[in-house]
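Participant: Using the sequences provided together with the hints, build the complete structure.
First to last, the protein sequences are chains C and R. Here the first sequence is numbered in the numbering used here, starting from 1 and rising by one per residue. Here the second sequence is numbered in the numbering used here, starting from 1 and rising by one per residue.
In short, the hints are calculated from the structure, not lab data. Be a bit skeptical, because a hint or two may be false.
[Unchecked claim] If you want a taste of the chain C side facing chain R, the calculated C-beta under 10 angstroms gives, among others:
| hint | residue |
| --- | --- |
| 1 | 9 |
| 2 | 34 |
| 3 | 49 |
| 4 | 69 |
| 5 | 89 |
| 6 | 91 |
| 7 | 100 |
[What the hints assert, rightly or not] Pairwise CB distance ranges (calculated):
| hint | chain 1 | residue 1 | chain 2 | residue 2 | range |
| --- | --- | --- | --- | --- | --- |
| 8 | R | 79 | C | 76 | 40 to 48 angstroms |
| 9 | R | 39 | C | 83 | 22 to 30 angstroms |
| 10 | C | 110 | R | 38 | 20 to 28 angstroms |
| 11 | R | 100 | C | 69 | 23 to 31 angstroms |
[Unchecked claim] Just a sample of chain R residues kept apart from chain C, beta carbon distances all over 12 angstroms, derived:
| hint | residue |
| --- | --- |
| 12 | 1 |
| 13 | 8 |
| 14 | 14 |
| 15 | 16 |
| 16 | 18 |
| 17 | 22 |
| 18 | 65 |
| 19 | 67 |
| 20 | 69 |
| 21 | 77 |
| 22 | 82 |
Note that this is a predicted model, so its numbers are computed, not measured. Backbone N, C-alpha and C fix where the C-beta goes; we use that ideal spot for every residue, glycine too.
Single-letter residue listing:
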Amino acid sequence: DQQVKQNSPSLSVQEGRISILNCDYTNSMFDYFLWYKKYPAEGPTFLISISSIKDKNEDGRFTVFLNKSAKHLSLHIVPSQPGDSAVYFCATLPTSGTYKYIFGTGTRLKVLA
Amino acid sequence: NAGVTQTPKFQVLKTGQSMTLQCAQDMNHEYMSWYRQDPGMGLRLIHYSVGAGITDQGEVPNGYNVSRSTTEDFPLRLLSAAPSQTSVYFCASSYVQQETQYFGPGTRLLVL
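Facilitator: Take a look at the structure:
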């Protein structure tokens with residue numbers, strides 16, 4: 001059973017508009033969340049993270065929002081650029097003291113010029 | 001720094017053959033891990049290590065062995081390859097837990 005779910009396999013957005021990628025999780029004990037971006041034929045690269053003590057974290061055009069009561073996080077990209085076209089994975093580290101990251105299935109974002 | 005390197009980039013095996021996927025990092029990271037990526041499944045953790053001499057199982061460890069004799073290297077061994085092990089394999093490392101993981105470029109494995 002998927003503990004981290006990305007229900008949208010793909011998303012298309014016009015250049016300059018906002019991209020919103022969503023991620024749901026099942027376990028309220030999850031306390032650290034990350035987003036990774038992956039281009040074809042490359043390994044994933046870290047994008048942004050958030051701890052459960054926060055509800056928002058920003059880094060330039062990228063903002064991650066965490067809604068603990070809904071067990072939901074989202075990644076906002078504003079403004080979207082063609083170079084943002086990639087697969088985005090959300091991931092969580094369940095509890096401190098473990099190293100068993102759990103990844104979602106990914107959302108393929110296509111930013112149209 | 002070369003970062004995380006993986007060899008080979010691509011490999012074709014016959015069912016029953018064995019092989020070792022190599023992973024090395026030059027960042028002095030304590031934590032290293034192996035993932036496989038399959039269509040519609042995301043990245044799934046196979047094995048991980050929190051330091052030289054210490055390894056543990058992830059979500060999908062069956063059919064794979066690992067060892068960590070040095071901080072730099074974390075090879076993944078397939079003992080008897082099966083078609084179900086056809087996948088893209090990624091190695092990753094980080095300084096400590098909750099630090100950013102750095103991923104290698106991946107090894108694409110096809111088992112016939």
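Participant: Each hint: holds or not?
Facilitator: Now for the hints, and whether the structure bears them out:
| no. | hint | result |
| --- | --- | --- |
| 1 | 9 | 8 angstroms, holds |
| 2 | 34 | 8 angstroms, holds |
| 3 | 49 | 8 angstroms, holds |
| 4 | 69 | 23 angstroms, violated |
| 5 | 89 | 6 angstroms, holds |
| 6 | 91 | 8 angstroms, holds |
| 7 | 100 | 6 angstroms, holds |
| 8 | R:79 / C:76: 40 to 48 angstroms | 45 angstroms, holds |
| 9 | R:39 / C:83: 22 to 30 angstroms | 24 angstroms, holds |
| 10 | C:110 / R:38: 20 to 28 angstroms | 21 angstroms, holds |
| 11 | R:100 / C:69: 23 to 31 angstroms | 27 angstroms, holds |
| 12 | 1 | 15 angstroms, holds |
| 13 | 8 | 14 angstroms, holds |
| 14 | 14 | 25 angstroms, holds |
| 15 | 16 | 28 angstroms, holds |
| 16 | 18 | 24 angstroms, holds |
| 17 | 22 | 15 angstroms, holds |
| 18 | 65 | 18 angstroms, holds |
| 19 | 67 | 17 angstroms, holds |
| 20 | 69 | 19 angstroms, holds |
| 21 | 77 | 20 angstroms, holds |
| 22 | 82 | 23 angstroms, holds |
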